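Peer 1: Take a look at the letters that make up each chain.
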Amino acid sequence: MTQSIVVQVGQCGNQIGCRFWDLALREHASINKSGRYDESLSSFFRNVDTRYEDPKDIPVGDGKGKIRSLKARAVLIDMEEGVVNETLNGPLQDIFDCKQLITDVSGCGNNWATGYMMYGSQYHDTILETIRHAVELCDSLQCFFLLHSMGGGTGSGVGTNVLGLLEENYPDVYRFTTAVYPSDDDDVITSPYNSVLAMHQLTEKADCVLPIENQALIDITNKIYDAMPPSRPGKKVYPSKETQVKETSAITSSEKGATKPSQEKPFDHMNNIVANLLLNMTSSARFEGSLNVDLNEITMNLVPFPKLHYLVSSLTPLYSLIDVNLPVGRLDQMFTDAFSKDYQLIKANPKQSLYLACALIVRGKAEVSDIRRNIERLKPNLKFINWNEEGWKTGLCSVAPVGQPYSLLSLANNTCIQNTFHNLKQRFMKLYRRKAHIHHYNNVDGFEPFIFDDSLESLNYLINEYEMLNRTIGQPVEYPTRLSIL
Amino acid sequence: MSVVTIQLGQCGNQIGFEFYDLLSKSATKPNHAPSSSFHSDDYSDLVSERFFHVNEKDKMFARAVMVDMEQKVIGQALHDTQRQSLWGYHKDAQVTGKKGSGNNWAQGYCHHGPKCISDVLDTVSKEVEQCDSLGGFLALMSLAGGTGSGLGAFVTTALKDEYPHATIVNNVIWPYTTGEVIVQNYNAVLTLSHLYSTSDGIIVMENEKMQKICSQLLKIKNVSFKDINKVVATKLAGVFLPACDTSDSTCLSKFVVADILSNVCAHPGHKLLNILNIPVVPKTSLAYTSYNWNMLVKHCRQMLIANANMEEGVNWSIKLPKAAKPVSETEMTNQTSTFNRSLSNQIFLRGKDASTVDLSSFEDSQLYTSWVPSYGRFHSAWQRNSYNEIEQSVTLLSNSQTPLKPLDAVVSKAWNMFASRAYVHQYAKHGITDDDFVDSFVALEQVVKNYSNL
Chain V
1 MTQSIVVQVG
11 QCGNQIGCRF
21 WDLALREHAS
31 INKSGRYDES
41 LSSFFRNVDT
51 RYEDPKDIPV
61 GDGKGKIRSL
71 KARAVLIDME
81 EGVVNETLNG
91 PLQDIFDCKQ
101 LITDVSGCGN
111 NWATGYMMYG
121 SQYHDTILET
131 IRHAVELCDS
141 LQCFFLLHSM
151 GGGTGSGVGT
161 NVLGLLEENY
171 PDVYRFTTAV
181 YPSDDDDVIT
191 SPYNSVLAMH
201 QLTEKADCVL
211 PIENQALIDI
221 TNKIYDAMPP
231 SRPGKKVYPS
241 KETQVKETSA
251 ITSSEKGATK
261 PSQEKPFDHM
271 NNIVANLLLN
281 MTSSARFEGS
291 LNVDLNEITM
301 NLVPFPKLHY
311 LVSSLTPLYS
321 LIDVNLPVGR
331 LDQMFTDAFS
341 KDYQLIKANP
351 KQSLYLACAL
361 IVRGKAEVSD
371 IRRNIERLKP
381 NLKFINWNEE
391 GWKTGLCSVA
401 PVGQPYSLLS
411 LANNTCIQNT
421 FHNLKQRFMK
431 LYRRKAHIHH
441 YNNVDGFEPF
451 IFDDSLESLN
461 YLINEYEMLN
471 RTIGQPVEYP
481 TRLSIL
Chain C
1 MSVVTIQLGQ
11 CGNQIGFEFY
21 DLLSKSATKP
31 NHAPSSSFHS
41 DDYSDLVSER
51 FFHVNEKDKM
61 FARAVMVDME
71 QKVIGQALHD
81 TQRQSLWGYH
91 KDAQVTGKKG
101 SGNNWAQGYC
111 HHGPKCISDV
121 LDTVSKEVEQ
131 CDSLGGFLAL
141 MSLAGGTGSG
151 LGAFVTTALK
161 DEYPHATIVN
171 NVIWPYTTGE
181 VIVQNYNAVL
191 TLSHLYSTSD
201 GIIVMENEKM
211 QKICSQLLKI
221 KNVSFKDINK
231 VVATKLAGVF
241 LPACDTSDST
251 CLSKFVVADI
261 LSNVCAHPGH
271 KLLNILNIPV
281 VPKTSLAYTS
291 YNWNMLVKHC
301 RQMLIANANM
311 EEGVNWSIKL
321 PKAAKPVSET
331 EMTNQTSTFN
341 RSLSNQIFLR
351 GKDASTVDLS
361 SFEDSQLYTS
371 WVPSYGRFHS
381 AWQRNSYNEI
391 EQSVTLLSNS
401 QTPLKPLDAV
411 VSKAWNMFAS
421 RAYVHQYAKH
431 GITDDDFVDS
441 FVALEQVVKN
451 YSNL
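Chains as they are written, first to last, in UniProt numbering: chain V, 1 to 486; chain C, 1 to 454.
Hints in this document: simulated from the structure, not taken from any laboratory. The reader is advised that the hints may include incorrect statements.
[Claimed, not checked] Taking CB as the label site, the calculated pair distances span:
| # | chain 1 | residue 1 | chain 2 | residue 2 | range |
| --- | --- | --- | --- | --- | --- |
| 1 | V | E467 | C | R421 | 33 to 43 Å |
| 2 | C | K429 | V | L137 | 22 to 32 Å |
| 3 | V | P59 | C | D41 | 27 to 37 Å |
| 4 | C | Q446 | V | G35 | 54 to 64 Å |
| 5 | V | D332 | C | Q446 | 42 to 52 Å |
[What the hints assert, rightly or not] Restricting the straight-line Cα-Cα distance to at most 27 Å, the calculated cross-link-like pairs of lysine-lysine (BS3-like) are:
| # | chain 1 | residue 1 | chain 2 | residue 2 |
| --- | --- | --- | --- | --- |
| 6 | V | K379 | C | K212 |
| 7 | V | K66 | C | K99 |
| 8 | V | K64 | C | K99 |
| 9 | C | K98 | V | K64 |
| 10 | C | K212 | C | K99 |
| 11 | V | K256 | V | K64 |
| 12 | V | K205 | C | K226 |
| 13 | V | K379 | C | K219 |
| 14 | C | K209 | V | K66 |
| 15 | C | K99 | V | K56 |
| 16 | V | K307 | V | K256 |
| 17 | C | K221 | V | K64 |
| 18 | C | K212 | V | K365 |
| 19 | C | K91 | V | K66 |
| 20 | C | K429 | C | K449 |
| 21 | V | K365 | C | K283 |
| 22 | C | K98 | V | K379 |
| 23 | V | K379 | C | K221 |
| 24 | V | K383 | C | K98 |
| 25 | C | K98 | C | K59 |
| 26 | C | K221 | V | K365 |
| 27 | C | K57 | C | K99 |
| 28 | V | K223 | V | K365 |
[Stated by the list, open to error] A few chain V residues facing chain C, derived, Cβ under 10 Å:
| # | residue |
| --- | --- |
| 29 | Y225 |
| 30 | S290 |
| 31 | L291 |
| 32 | G391 |
Given the structure is predicted, the values throughout are model-derived calculations rather than measurements. Using N, Cα and C, we set each Cβ at its ideal position, and we do this for glycine too.
Chain V on its own, in the form it takes in the complex:
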């Protein structure tokens, strides 16, 4: 089986990473009851014999060896110490060691250029060395998962610098990026600059980007809160047995993880959503199923043109109900919801835009006929591009996520993403027209003013491409003439 390495950069990246590792451990613990180090564990974790001075990796072997000590296949990078230190003192401290960390004390001051140029060159060798160390511990590395935000300085700047290093040094290893986009009312003034500068790098160097909008996460979290039983005082709810939400089943829940409820931090619920996105996306590569979806199949199926690799994702159901006798209808509801705008991890409505391709990865108690039925049912309401009218990629993984009987991850290459890009561009232009704050960037060694223009042009290119495709909606289709045989 193949392995993946998670590279988490900046405050946001490390917080998400922290939730990811907690939930990944929880997931494997609930499946792997025997405590053996098996193939599926090996994709994200190493098994280490810590009794030696210089700890040795224990290979999976016949899959019957016991777990000694699990170490995450991760590299933690932050230019401030706060979050990484918290992680190291928290319940997950044992799965990381100091060889996996790169930190500084002074931060990037919300400046992409500081992160990309200054820290990028200062830590160039250290980053490469740390990553090489993680790579050497894999016997068949398939994927890097880069976690970072777009708005700040470290995540966007150092994060995209690392992306470039990965592309240069490991061109054959897939690079998936989970990028958190700032909300409209983001308190970092320079966040539009940072995001646009970072996006240029993502467009050029990533194989696949999963954009996530803060606002979408907030909305989903609120939705779940509203459905929760009234544990909080003052909230008036009349519980009926059937509609009660099983608290442990919400995708924002960290119940049964290593982190106790008392230790939960404010963003944990939101970050759990992103962590679940990663877990579901990799589920079929880690566990058995009757229709596997390996990670390399995701880019193969969802990226028709090299630069249009931004995927809109949604996770359903958000929670399961206490009533465990699930009628079939609820399974179908899960499919319906996956296409609703309320469930997307970016603020957009895929139903009104054009699908270039769509992947459905189902976990748990569902069969191929369930997928077929739902595709047939939903297809009439969705618009697909004329050369890919049947652009569905489907997967079935037999292992359900913790606390839920089944789940669905939908990944779509949909032109609705251009709205997010368009908003970002407008906010960027508002500042850039007045040349506000650009001296902070120009003052950084190695930064040149043309980088702004190049990045803007790259963003314009993306917006145009998606818009042109979107314009084909409703247009008469001219199919190319087939080759004729004489």
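Got chain V sorted already, so can you dock chain C onto it with the hints?
Peer 2: Just chain C now, kept in the frame of chain V:
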């Protein structure tokens, strides 16, 4: 005479498992079989010899080579065989890689193919050496994925080079039309065009139709891939289990892959085959159902003419034109468009009195295209031993216009996508150029034309 199976990719390995599981039941001695059906020792020995080799402890090992670029599916199949003691796979009869082909035909064909072909050929030759005589190869694969299709096409070519005199049949699983894999039409076009030049016969099975059989005939509520694979296995077994020519009274002939293929694939331009079988009923209602040979044969013939995959809902109004009555030019074209014309058919009857059945209705010259000589049109084979717990069954392997429609659709969709240049860069990464694509399109357009001209 033995048959060696090559199971390629996830689909091929899952089907292979169901295939051998079904065969193993025919290969066991009568006391395991239902009492009502005739089941002789000689026959089970013959089945066993054809598909298994047996060790000292009487355990049967499939004459199969498992190939996948991921360990997982093969691991699952090995695990499943351990649940029963009847048969197993040979421990060394597998070739695996660490990274899958990622639904990319080019990765399977250009990357994995050259890298693992010597391992595959070594493993195959070990299986071949265990056969007293080799009756041909059966390759199981899908068209949609990357490993089955890409590596499958590469392995088929290499096998033909290595064993130029052995017959190779490819059983290809046609993906759902509404997409399982988005680049499936590209993968299918590339696979079929490559197979067409090397394979001796390509059996086409459409997932969509298999699922319909499961839900409508077998009354399965939530159809799983396992159910579908069982249907596929039943069809394959109906053809490849031992049977004998109607002229052979001993019924222990050496009628194997090569003989079957020379009967139905006489022309290199027409290699696409379809399998019809009847009856298909749920196991639970077997006891309450009785059939007679004439009715089964009649239904099977109508399924063929009406191009139906199931006896349920067959259009009985489609009829062959009467030969005696002179028909005008316009009437002629009308009729060709309504009934499914064949190039050649091979029927297999399995069960009591199978040798006595009247099959003259299949010899009607109207059923066949005019240029096939009468001796090349129809062949029959029988076997008094039944299989799959069904007392009397009819399996028809036909080379007819049935695959034309799905093939035409795949070529058309792939061509539309190719015109937009979508996904082409993913193939170019591994060295498949635009010219390679165009060559494949040309080859398949030729096949489409061959079949529409029947």
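Peer 1: Starting from the hint 22 to 32 Å, judge whether the C-beta atoms of C:K429 and V:L137 obey it.
Peer 2: holds (27 Å)
Peer 1: Is the Cα-Cα distance between V:K205 and C:K226 27 Å or less?
Peer 2: Between V:K205 and C:K226 the Cα gap is close to 40 Å, so the pair fails against 27 Å, i.e. violated.
Peer 1: Just to be careful, I want the Cα atoms of V:K379 and C:K219 compared with a cutoff of 27 Å; is the pair within it?
Peer 2: holds (25 Å)
Peer 1: Hinted pair, alpha-carbon criterion (27 Å max): V:K64, C:K99. Please report holds or violated.
Peer 2: Holds, at roughly 23 Å.
Peer 1: Does C:K59 lie within 27 Å of C:K98 when you go C-alpha to C-alpha?
Peer 2: violated (30 Å)
Peer 1: If you check the beta carbons of C:Q446 and V:G35, does the distance land in 54 to 64 Å?
Peer 2: holds (59 Å)
Peer 1: Could you grab the alpha-carbon distance between C:K221 and V:K365 and see if it respects the 27 Å cut-off?
Peer 2: holds (14 Å)
Peer 1: Within a Cα-Cα threshold of 27 Å, do C:K91 and V:K66 meet the stated pairing?
Peer 2: holds (25 Å)
Peer 1: For the pair supplied as a hint, V:K365 and C:K283, is the alpha-carbon distance within the 27 Å limit?
Peer 2: holds (24 Å)
Peer 1: So, as I understand it, the hint says V:L291 touches chain C; can you test that by seeing if any CB pair is closer than 10 Å?
Peer 2: holds (7 Å)
Peer 1: For the pair V:E467 and C:R421, does the Cβ-Cβ distance stay inside 33 to 43 Å?
Peer 2: This hint is violated: roughly 18 Å between Cβ atoms.
Peer 1: For V:D332 and C:Q446, compare the CB-CB distance with the range 42 to 52 Å and indicate the outcome.
Peer 2: holds (44 Å)
The earlier numbered hints that this structure contradicts are 1, 3, 10, 12, 14, 16, 17, 20, 22, 24, 25, 27, 29.
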